[in-house]
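Q: Chain by chain, the residues:
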Amino acid sequence: MAAPTQGTREFNPEVRGKIRFSDEALQTIEALMKRYPEGKHKSALLPVLHVAQAEADGWLSAEVMDYVAELMKISSIEVFEVASFYSMYNLKPVGKCVLEVCRTSSCWTRGAEDIVDYIGKKLNIREGETTPDGMFTLKTVECLGSCGSAPMLQCGAEYHENLTENRVDALLDRLRTEGKRKSYTDLDFQNTK
Amino acid sequence: MSRKLLLANDHIPGIQSYEVYRSNGGYRSVEKALKTMSPDDVVEEVKKSGLRGRGGAGFPTGMKWSFLAKPEGVPRYLVCNADESEPGTFKDRYLMEHIPHILVEGMITSSFALGANTSYIYIRGEYFYVARIVEKAIAEAYANGWLGKNILGTGFNHDMYVQVGGGAYICGEETALLESLEGKRGNPRIKPPFPAIAGLYGCPTVVNNVETIAAVVPIVNDGGDEYAKIGIGRSTGTKLISASGNINKPGVYEIELGVPVEEFIFSDQYCGGIANGKRMKACVPGGSSVPILPDYLVCKTAAGEDRLMTYESLSDGGFATGSMLGSGGFIVYDENQCIVRNTWNFSRFYHHESCGQCSPCREGTGWMERVLHRLEKGMGNMSDIDLLVEVAKKIEGNTICPLGDAAAWPVAAAVRHFRHEFEHHVLHPDKVKDPKHGHREPIMPVKPQPVTA
Ligand SMILES: Cc1cc2nc3c(=O)[nH]c(=O)nc-3n(C[C@H](O)[C@H](O)[C@H](O)COP(=O)(O)O)c2cc1C
Ligand code: FES
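Protein sequence lines, in the order shown, are assigned to chains A and B. Per the working numbering, numbering of the first sequence is gapless, rising by one per residue and ending at 193. Per the working numbering, numbering of the second sequence is gapless, rising by one per residue and ending at 453.
Since the hints were derived computationally from the structure, they do not count as laboratory data. Don't take every hint at face value.
[To be verified] Pairs of lysine to aspartate or glutamate residues, derived as EDC-like cross-links and limited to a Cα-Cα distance of at most 16 Å, are as follows:
#	chain 1	residue 1	chain 2	residue 2
1	A	K40	B	E182
2	A	K40	B	E179
3	B	K300	B	D316
4	B	K136	A	D188
[Unchecked claim] Where chain B lies over chain A, by a calculated footprint (3+ residues, C-beta under 8 Å):
#	region
5	32 to 43
6	53 to 67
7	86 to 97
8	101 to 110
9	154 to 168
[Said to hold, decoys possible] Not the full set, but computed from the structure, chain A residues with beta-carbon under 7 Å of chain B:
#	residue
10	F80
11	D117
12	G120
13	C143
14	L144
15	C147
16	G148
17	D188
18	F189
C-beta: ideal position from N, C-alpha, C; glycine also.
For reference, chain A alone in the conformation it holds in the complex:
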């Protein structure tokens, strides 16, 4: 469970009314809501929040959550209570590429901490921080189901496994050259095994 007080619920009326997702995202949201029986479209909330997060610079502000509530015709609190429960939704701004390094047992026994230290030193940030240029955020997360190819990290939809310092270097270089925001919902991704 994400810490419940991670973000702010302060309302910024300036932003409200100005948010509008791309047509493509709106269509995806429409389609997602049709996957469930009549009247049960709230079921789409988790997938819709992923789409929303990808549209809204990688995090869910109070305004974005209100907008999602309007789109789905549910109350804002229903959106907030879900967004604050699950660990994949960011309630604070994050960098373009969030590096989520697994810190659980199997990865730990194979040097996950060294990887975290290495990335931290290289980018000059600590866990939970974002580089000043807004490019990278460093996070540690719980087991991502790659225990057999530890240590590993996730960035957007991409899985990068069997990490070494060289592989981290290559990855950071690639991400920096691409300069793109990485989202879970990306259709193009390059996993490294």
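Following the hints, put chain B with the ligands in place on chain A, whose structure we already have.
A: This is chain B with the ligands only, laid out in the frame that chain A set:
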């Protein structure tokens, strides 16, 4: 060579795609079930197979299916549990990534047996790219007439959807999963009613693990009796084991239940022994939630018999000297690993993942984490060790869902088998000051093996 049922075609290039999967005998179980069997026949075969749930609890699948309520005019649902978040477990990801169609095929055949016209595959959010692969397989199945209306002209209709989660271990618990699938926080429900009576949207629902559903394919193809011939006693068939930790060949292995644990760890066919020529110190045989075993109880039971990879043999000796097969997340630790540190790591996980509904779990997991952290840093005292056992006891059995037990068991087992290591942390705080102790050099030599009768 062990027989393979789920990963038999794993080596075939392109098996991810519909054409290759189909030309290698894919979707036969759907043809056979829909055209030549009644739904009850399929349930009967699954009962005969002795298949037990592969998600962790090991409940007989055929029995679970026969509990499904069938009130007139109420839809029924099949939900596949692909939340796979138990530390040490990655077999479902492997299966979905490499042979996605076996899951889709199993879902159709199982849905036919249960009379479900809609099914959902709930995949943990972090596996987004895997969800894409499964979605593609579903689209291919629609395009080839295996899904949709009037499948194979038999009048059976079925729609299948993928749902991605938001990142929460608790959503692997079946009722929390259903809450999450309804677009809510993943708070487990009070049972009864069980999902078989009131599940998704209050309708009768079966929740099964990915591997369980995939196993229905060979069961229907070859018959339940044939499946039951593999394995030992009540542990029938094959099981996917996710092997990780300090071994030479981590990965997913399909084994016939009944392989000796010693063979599994040391033979080149499987884990290939302990990495870097080290000795094994401990093993968690079924995912982070099951009790840890010290080296001398891994390959042999307390009675001195060979321990086998079966539900029964791994739990031989109860919690005093045994463990559980669980989800098959097999983690091996070498002599350099510090048990206190590792137990702290696990308890941090459970504290992070507790949904917060029940006080014993919400408060207890945090308490255990703090005590373990203090011990790990060399700042604890002897009474802390008993305090841990005390807290674990107060959580166990006092929560709505088994996450509380899952958090308590590993801690209790670590203290039971490795008390000397906890005491070492109290007695020699200077030796554990280095934040990475037990990482590069041995914290303590492996305890000498007691002579067993
Ligand atoms: C905290 C917790 C986490 C669980 N996580 C999973 C999981 O990730 N995958 C899974 O298949 N079952 C998981 N289970 C077990 C499910 O509740 C349920 O027993 C299982 O999905 C039933 O399927 P099966 O009979 O096919 O094993 C979990 C249980 C608990 C208590
Ligand atoms: S422990 Fe790191 S992926 Fe499982």
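Q: Each of the hints needs a verdict: does it hold here or not?
A: Here is how each hint holds up against the structure:
Taking the CA atoms of K40/A and E182/B, the gap is near 7 Å; set against the 16 Å cutoff, the hint holds. The hinted pair formed by K40/A and E179/B meets the criterion: a straight-line CA distance of about 12 Å does not exceed 16 Å. Among the hinted pairs, K300/B with D316/B is consistent with the structure: their alpha-carbon atoms are about 10 Å apart, no more than 16 Å. As the CA atoms of K136/B and D188/A are separated by approximately 14 Å, the hinted pair is consistent with the 16 Å bound.
For the region 32 to 43 of chain A, the proposed coverage by chain B is satisfied: 5 residues have a C-beta within less than 8 Å of a C-beta in that chain, meeting the threshold of three. Counting residues of the region 53 to 67 of chain A whose CB lies closer than 8 Å to any CB of chain B gives 0, so the stated coverage by that chain is violated, three being the minimum. Counting residues of the region 86 to 97 of chain A whose beta carbon lies closer than 8 Å to any beta carbon of chain B gives 4, which meets the minimum of three for the stated coverage. Against chain B, the region 101 to 110 of chain A contributes 7 residues with a C-beta closer than 8 Å to a partner C-beta. That satisfies the three-residue criterion, and the hint holds.
With 4 residues having a Cβ less than 8 Å from any Cβ of chain B, the region 154 to 168 of chain A passes the three-residue criterion, so the hint holds. The beta carbon of F80/A is not positioned within 7 Å of any beta carbon in chain B (closest approach about 11 Å), and the interface hint is therefore violated. A least Cβ separation of about 10 Å between D117/A and chain B goes past the 7 Å threshold, and the interface hint is therefore violated. The beta carbon of G120/A is not positioned within 7 Å of any beta carbon in chain B (closest approach about 14 Å), and the interface hint is therefore violated.
Below 7 Å, beta-carbon pairs count as interface contacts, and C143/A has one with chain B at about 4 Å; its hint therefore holds. Proximity of L144/A to chain B holds as hinted, the smallest CB-CB distance being about 5 Å (cut-off 7 Å). A cut of 7 Å between beta carbons decides the hint on C147/A: the least distance to chain B is about 4 Å, and the hint holds. With 7 Å as the threshold, the beta carbon of G148/A comes within range of chain B, its nearest partner Cβ sitting at about 4 Å, so the hint holds.
Violation of the interface hint for D188/A is found here, the shortest Cβ-Cβ separation to chain B being roughly 10 Å, above the 7 Å cut-off. With its C-beta approaching chain B no nearer than about 6 Å, F189/A sits inside the 7 Å limit, and its interface hint holds.
Going down the numbered hints, you'll see the structure goes against 6, 10, 11, 12, 17, while the others check out.
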